[in-house]
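K.L.:
Below are the chains, spelled out letter by letter.
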Amino acid sequence: MSQRRRRAGDGPAAQHLGEVLPLARKLELYYWMRLTRTLEERLVALYRQTKVVGGLFRSLGQEADAVGSCYALEPRDVMSPLIRNLGAMLVKGATPVEVLKQYMARGDSPTRGRELNIHFGDVGPAGATRGFLGQISPLGDMVPVMAGVTMSFKLRGEDRVGLVYVGDGATSTGAFHEGINFAAVNRLPLVVVIENNGYAYSTPTHRQTAAKQLVDKAIGYGVQGEQVDGNDVLAVYDVTKRAVDRARRGEGVSLLEFITYRRKGHAEHDDQSYVPPGEIETWAEQNDPLDRFTRVLLDREKVPAAELAALDVRVQREVDAATDLAEAAPLPAPHDALVGVYADPPAERPLWFRAGADTSRLGRERAEGWGTFDAAPGAR
Amino acid sequence: MSQRRRRAGDGPAAQHLGEVLPLARKLELYYWMRLTRTLEERLVALYRQTKVVGGLFRSLGQEADAVGSCYALEPRDVMSPLIRNLGAMLVKGATPVEVLKQYMARGDSPTRGRELNIHFGDVGPAGATRGFLGQISPLGDMVPVMAGVTMSFKLRGEDRVGLVYVGDGATSTGAFHEGINFAAVNRLPLVVVIENNGYAYSTPTHRQTAAKQLVDKAIGYGVQGEQVDGNDVLAVYDVTKRAVDRARRGEGVSLLEFITYRRKGHAEHDDQSYVPPGEIETWAEQNDPLDRFTRVLLDREKVPAAELAALDVRVQREVDAATDLAEAAPLPAPHDALVGVYADPPAERPLWFRAGADTSRLGRERAEGWGTFDAAPGAR
Amino acid sequence: MAAITYLEAIREALDEEMQRDPEVFLLGEDIGAYGGAFKVTDGLFAKYGATRVIDTPISEIAIVGAAAGAAHMGMRPVVEMQFIDFIANAYDMLTNYVATARYRAFLPTPMVVRGPSGGYVRGGPFHSQNPEAGFVHTPGLKVVYPATAEDAKGLMKAAIRDDDCVLFFEHKYLYRRIKGVMPAGDHVVPIGRARLAREGTDLSVITYAATVHKALEAAERLQQEDGLSVEVLDLRTLAPLDDAAIFATARKTHRVLVVHEDTRTGGLAGEITARINEACFAHLDAPVLRVTAHDIPLPYAPALEDFVLPQVDDIVTAARRLAAW
Amino acid sequence: MAAITYLEAIREALDEEMQRDPEVFLLGEDIGAYGGAFKVTDGLFAKYGATRVIDTPISEIAIVGAAAGAAHMGMRPVVEMQFIDFIANAYDMLTNYVATARYRAFLPTPMVVRGPSGGYVRGGPFHSQNPEAGFVHTPGLKVVYPATAEDAKGLMKAAIRDDDCVLFFEHKYLYRRIKGVMPAGDHVVPIGRARLAREGTDLSVITYAATVHKALEAAERLQQEDGLSVEVLDLRTLAPLDDAAIFATARKTHRVLVVHEDTRTGGLAGEITARINEACFAHLDAPVLRVTAHDIPLPYAPALEDFVLPQVDDIVTAARRLAAW
Ligand SMILES: Cc1ncc(C[n+]2csc(CCOP(=O)(O)OP(=O)(O)O)c2C)c(N)n1
Ligand SMILES: Cc1ncc(C[n+]2csc(CCOP(=O)(O)OP(=O)(O)O)c2C)c(N)n1
Ligand SMILES: [Mg+2]
Ligand SMILES: [Mg+2]
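Residue numbers (our numbering), protein chains in the order written: chain A, 1 to 380; chain B, 1 to 380; chain C, 1 to 325; chain D, 1 to 325.
You may find that some hints are simply not true.
[Stated by the list, open to error] Dumping the calculated DSS-like pairs for lysine-lysine here, alpha-carbon to alpha-carbon at most 27 angstroms:
id, chain 1, residue 1, chain 2, residue 2
1, C, K179, A, K154
2, A, K212, A, K241
3, D, K252, A, K51
[Unchecked claim] On the chain A side, residues computed to face chain B include the following (Cβ under 8 angstroms):
id, residue
4, G174
5, V185
6, Q208
7, T209
8, D216
9, G220
10, Y221
11, V223
12, R300
13, D324
[To be verified] Have a look at the derived ranges for each label pair, beta carbon to beta carbon:
id, chain 1, residue 1, chain 2, residue 2, range
14, C, A3, B, Q49, 47 to 55 angstroms
15, B, P125, A, T50, 51 to 59 angstroms
16, C, G49, A, G250, 39 to 47 angstroms
17, D, A50, A, D245, 55 to 63 angstroms
18, A, E19, B, D159, 54 to 62 angstroms
19, C, G49, B, H269, 52 to 60 angstroms
20, D, A324, C, E225, 38 to 46 angstroms
21, C, A324, B, H269, 41 to 49 angstroms
22, B, D344, D, P22, 37 to 45 angstroms
Calculated from the structure, these hints are not laboratory results.
The C-beta atom is built at its ideal place from N, Cα and C for all residues, glycine as well.
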């Protein structure tokens with residue numbers, strides 16, 4: 001049942017769904033990958049200016065896997081990202097200004113300054129929400145939650161699919177195991193993606209599991225398994241789209257393993273002293289997903305270099321504009337902390353020793369629109 | 001890597017380690033299986049007389065798997081049983097009188113009335129302890145604990161092996177997953193046995209996992225996997241002994257799946273209404289492990305029927321004697337509850353409103369021998 | 001109408017809410033055809049089928065996490081822990097994921113986690129627990145623990161309708177031992193309000209769950225033997241605590257005994273004592289006293305369990321000391 | 001001798017104990033060559049090798065469970081949670097398995113679970129927690145939470161030598177912010193004894209961990225601005241609590257403020273209040289007051305975090321009210 005390479009389950013004559021994408025859509029993939037990288041580079045600059053509150057997490061070298069996989073989803077589908085899935089979030093409609101405001105802990109950021117970095121989401125009814133779920137830090141937990149999200153699709157007969165990312169490290173958690181098993185037994189429309197980027201913080205994958213490859217776990221859960229080159233955006237799209245289609249057809253869970261590489265440290269502060277010399281350089285030179293895809297577009301698809309350059313400029317402008325907006329955004333007001341732990345009561349009262357706390361506004365603090373920050377998908 | 005049937009990893013010419021056992025040892029296997037069954041029947045009688053405190057758990061029809069596997073261990077090895085592994089505990093040196101006192105919550109039972117049924121153990125240094133660990137109720141937890149026990153063997157260079165049982169149901173727990181993965185990565189000398197008896201309480205195995213067979217999980221953990229007929233005591237011994245030998249040779253973890261059947265309900269109160277009609281009867285008539293092994297002994301090994309009958313009588317006498325001892329055993333004194341939550345302080349003080357509590361004896365309550373109930377292995 | 005047991009009252013609430021709201025569904029181990037370890041869901045599988053009464057693998061993390069995911073999407077899952085003791089396995093999911101979902105991500109998570117709790121039944125250390133303290137300590141969760149059949153039904157209906165996660169502890173000692181006649185109509189008991197189980201003037205016992213009945217028994221004895229008039233407040237909801245009711249009884253009798261079955265250190269009685277001390281200090285004629293279990297894992301043998309857990313005699317002893325202060 | 005940081009003091013304790021006792025070994029995520037997320041174990045892998053400083057998969061259940069198994073066999077594992085927040089994943093293993101092992105099975109389980117805890121560092125809801133309350137509530141566990149570099153070292157050495165499981169909370173705000181000169185020789189601070197951090201006569205602040213430093217700052221201000229003499233008791237050990245020290249300060253000043261960084265409801269301050277109320281009722285001139293975090297998951301933005309957590313100003317405000325009672 002576990003397939004070592006892509007498409008074995010779909011018959012030998014199956015099309016490569018990535019390669020047959022129209023050029024316009026391939027250029028969209030390029031756009032999202034470039035946007036991911038440029039936005040992260042901007043975050044690095046802001047981080048160095050100490051404008052980022054807390055840590056900064058990069059997905060350098062993994063843009064293809066995040067973008068290519070999420071691109072296989074429909075707007076009504078729901079995706080659950082992890083810290084290296086900025087690209088997937090952008091594809092799903094998260095905007096650069098949201099991301100920047102989050103990292104800078106602004107008062108009108110998607111979580112109003114309550115949560116870190118890209119821990120934010122927008123889920124609910126199809127159409128009304130963009131369909132990505134805010135992660136929490138404890139690894140693996142999103143797998144059971146996404147089992148529940150997709151269970152709701154199945155119970156209600158909705159034509160929606162879920163996709164959840166985990167790292168190689170997170171496969172060691174009990175939550176991952178219980179979640180994928182639960183989804184498998186109930187044949188839920190869920191795609192579980194393992195991004196094997198070689199490391200969990202400092203721990204190499206062979207200290208995380210004794211399995212030869214992580215996709216070998218598929219058979220033990222009785223689900224379809226496929227492994228793919230995670231730095232080939234079209235291959236990632238191909239394998240994910242097939243898994244999404246299977247889920248949509250009611251064929252249950254797939255476990256996909258993307259082979260990729262984390263070129264930056266766990267977070268910006270990590271000096272990667274544990275990485276064997278030359279390893280990062282080799283991946284950077286020979287296996288950068290943007291370089292690879294650029295070559296495909298230039299050489300095979302005959303896209304004029306100027307067209308890609310124009311996209312790069314567009315991305316740069318968008319990130320500049322988003323940065324201006326984010327930097328001008330207000331910080332949260334302290335008393336905002338009191339609102340919304342429960343639906344009822346809608347706000348906590350400040351403790352008595354906080355005599356100075358301004359509570360006069362608490363009544364109207366819980367506006368009707370108090371949900372996700374309401375930047376529409378078009379607002380990107 | 002995952003082997004569907006026994007011995008595939010050991011070359012085609014490998015001996016059947018069960019079949020080549022000397023007759024005297026085969027008769028020991030018979031003795032332990034018979035003792036397990038007779039002791040449980042006695043417990044049923046006591047339960048009906050309301051002398052058992054709490055529930056009663058049977059292993060009827062699973063005696064071969066518990067006895068045959070544990071028989072593959074050396075006295076210095078450590079085994080962690082579950083609720084259906086009374087047979088394994090007896091092989092490891094637990095005595096009928098200990099079991100009876102536990103079930104009747106006597107004051108000199110192995111846990112002095114603190115824990116239920118067969119939740120008791122005796123582990124520590126080789127030689128000084130019998131080598132079985134007291135289970136707790138939350139399923140799966142003993143797998144990580146046994147990873148730690150076997151890690152101590154490896155770190156200290158001790159020639160000892162661990163074996164841990166889980167049910168088909170317990171394979172769904174996060175603890176099972178984290179524990180076997182941890183053991184696999186560290187190549188610990190641990191044998192993990194899944195007793196697939198068809199049900200977890202009322203839940204059939206196909207509602208527990210979508211895998212075709214539970215041994216399919218082995219490859220995902222990078223460990224050796226073997227499946228065996230759990231009602232064939234010699235086959236169980238054979239497969240387990242090979243796994244134990246591999247562990248002892250430093251070849252790491254094995255995952256064994258025993259196919260068996262739980263003929264009684266989850267506990268005595270369970271009416272098994274969820275079992276398809278005829279299923280239990282079929283297993284009882286065609287696949288009772290004691291019947292099957294009796295036939296092997298009579299037909300193939302040419303043991304005189306009278307010899308087996310004599311063993312049965314011996315077992316009956318031992319269980320009778322143990323019952324007399326257990327019924328005469330004292331109930332725990334109430335203030336015994338206060339002793340030994342911590343090494344220091346050695347006892348809690350009674351709360352002030354317990355004016356009547358006799359605390360005069362607390363000082364000497366924590367005797368030097370305050371460890372496991374000190375019935376020597378020979379005392380069986 | 002005939003009286004029904006505490007357990008039947010819970011079942012009736014589940015049934016009525018499933019009838020009323022198609023988004024309500026049940027999730028848990030062996031709750032389907034088998035009806036659950038204690039038969040709380042008995043008959044519901046037959047009535048509502050496998051899509052609304054869903055048997056799960058032995059996976060408390062996944063059960064709670066999946067309930068949260070479905071709840072985000074507008075469903076109203078009711079999860080059974082086969083024994084509440086196993087809620088410890090889902091502690092991360094409940095305290096880190098579920099409890100924070102609304103606050104950190106504005107995600108509604110209307111779900112109920114229910115299960116048989118408590119001791120006095122010779123269940124031993126892993127089938128007798130009262131794990132409420134850790135969850136009352138977690139902002140974002142609500143906690144209820146009914147003592148009567150009427151409240152078991154009414155609070156379950158309120159819990160299912162609540163827009164946040166409610167932990168619903170059911171005392172297994174009470175399941176079949178007590179009965180009540182259900183009020184007619186849509187009987188909903190609001191979360192957050194205590195119940196005055198017995199009026200009195202000399203001292204107050206504040207408690208919840210099985211020890212409500214022990215307190216009532218003690219109160220009766222104290223009335224008869226000592227002529228003491230004991231008020232008994234049944235908290236019913238543990239988070240949020242009903243401060244108004246707690247303070248009212250403290251200010252009325254000036255002597256308060258807090259009783260719970262849970263262990264002493266870090267149990268809820270400390271929190272209640274602190275609140276009374278803060279808000280009613282001038283009204284107290286005596287210290288707030290606590291009758292609780294000893295700080296010991298609950299042993300199995302009857303003599304040991306009875307020693308560790310609070311008994312009617314203990315409440316009587318403590319009340320006498322309080323009255324004599 | 002030169003002063004070393006709180007973090008270095010912990011490392012020194014680990015190093016000395018590993019040197020002293022070959023049964024001591026370390027287990028955790030990224031603690032080997034990398035030296036741990038906060039570099040607490042930096043250098044120990046190089047010194048003791050891969051059999052005594054063991055990197056693990058991301059498996060808190062397994063890490064804690066394996067430590068228990070090794071401890072049963074006579075080893076002395078010291079486990080790191082990369083952030084203490086993830087101890088929630090091992091809640092079942094710690095509270096059900098580890099805490100009960102000695103009592104139910106007479107199994108020694110000498111192990112330490114340590115990890116970076118606490119807020120004031122913009123860590124957000126999952127990298128700032130203070131989960132001590134749930135464990136102080138669990139019979140069978142010991143809990144320490146040092147506030148000084150000296151105690152960090154001395155308590156770690158005591159924890160490793162203790163014959164039961166000790167949870168060792170390290171405040172990450174203090175890791176590199178405070179220093180101390182280590183006493184010469186085998187510096188062991190006994191578990192279960194509080195430390196008088198400042199003597200005073202008008203009122204007492206009882207606290208632990210990072211808020212010890214906030215309390216000391218407040219005490220200084222109260223001395224200067226109000227002429228109030230404030231005693232500050234640093235609990236250091238949370239389980240078992242040092243009743244003698246708590247009662248002594250309460251009986252001395254007659255006014256007690258309990259301060260902690262943890263959320264209010266169900267936090268340790270309630271337990272401490274209840275104990276003082278029980279044992280020192282006649283000595284109290286005012287109610288025991290609590291300064292704690294708000295009952296809110298800890299938000300990330302500085303303005304929000306600072307609002308939720310207790311600050312020096314809050315202690316000053318509360319102390320003034322207490323003094324004026
Ligand atoms: C349950 C849990 N334990 C530990 C951590 C700390 N932690 C955060 S990220 C990380 C490594 C994650 O590695 P992986 O899953 O491979 O994802 P990657 O960062 O490589 O994308 C660890 C150990 C955590 N977040 N959750
Ligand atoms: C974590 C946990 N969840 C639920 C239970 C309740 N429970 C006790 S036994 C059991 C079924 C076990 O089935 P299996 O593992 O197949 O073992 P078997 O009884 O068949 O030997 C369940 C659900 C438990 N003990 N632990
Ligand atoms: Mg990784
Ligand atoms: Mg089973």
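K.L.:
If a hint holds in the structure, say so; if it doesn't, say that too.
P.N.:
Structure-based check of all given hints:
1. Between C:K179 and A:K154, the direct Cα distance comes to roughly 39 angstroms. Violation of the 27 angstroms bound is thereby established for this hinted pair.
2. Pair hint A:K212 plus A:K241 holds up; C-alpha atoms about 25 angstroms apart against a cutoff of 27 angstroms.
3. Between D:K252 and A:K51 the alpha-carbon distance is near 49 angstroms, which puts this suggested pair outside the 27 angstroms criterion.
4. For A:G174, the shortest C-beta to C-beta distance to chain B is roughly 2 angstroms, which falls under 8 angstroms, so the interface hint holds.
5. Using the Cβ-Cβ criterion of 8 angstroms, the hint placing A:V185 at the interface with chain B is satisfied: the shortest such distance is roughly 5 angstroms.
6. Here the hint on A:Q208 is kept, as its CB sits about 7 angstroms from the closest CB of chain B, short of 8 angstroms.
7. Below 8 angstroms, beta-carbon pairs count as interface contacts, and A:T209 has one with chain B at about 6 angstroms; its hint therefore holds.
8. The beta carbon of A:D216 comes within 5 angstroms of a beta carbon in chain B, closer than 8 angstroms, and the hint placing it at the interface holds.
9. Nearest Cβ of chain B to the Cβ of A:G220: about 4 angstroms, under the 8 angstroms cut. The hint holds.
10. Here the hint on A:Y221 is kept, as its CB sits about 6 angstroms from the closest CB of chain B, short of 8 angstroms.
11. Given the 8 angstroms rule on beta carbons, the hint for A:V223 holds: about 7 angstroms separates it from the nearest Cβ of chain B.
12. Hint status for A:R300: violated, given a least beta-carbon distance of 37 angstroms to chain B, over 8 angstroms.
13. This hint is violated: A:D324 has a C-beta 46 angstroms from the nearest C-beta of chain B, more than the 8 angstroms allowed.
14. The beta-carbon spacing between C:A3 and B:Q49, approximately 33 angstroms, falls outside the hinted interval of 47 to 55 angstroms.
15. The hinted window of 51 to 59 angstroms between B:P125 and A:T50 holds, with their beta carbons roughly 57 angstroms apart.
16. A hinted range of 39 to 47 angstroms is violated for the C-beta pair C:G49 and A:G250, which are about 18 angstroms apart.
17. Against the hinted window of 55 to 63 angstroms, the Cβ-Cβ separation of D:A50 and A:D245 comes to about 46 angstroms, which falls outside the hint.
18. The given range of 54 to 62 angstroms is respected by A:E19 and B:D159, whose C-beta atoms sit roughly 57 angstroms from each other.
19. Roughly 26 angstroms separates the CB atoms of C:G49 and B:H269, a value that falls outside the hinted 52 to 60 angstroms.
20. For the hinted restraint 38 to 46 angstroms between D:A324 and C:E225, the CB-CB distance of approximately 45 angstroms keeps it satisfied.
21. A hinted range of 41 to 49 angstroms for the beta carbons of C:A324 and B:H269 is consistent with their spacing of about 47 angstroms.
22. Here the CB-CB span from B:D344 to D:P22 is close to 23 angstroms, at odds with the stated 37 to 45 angstroms.
Violated hints for the displayed structure, listed by number in ascending order: 1, 3, 12, 13, 14, 16, 17, 19 and 22.
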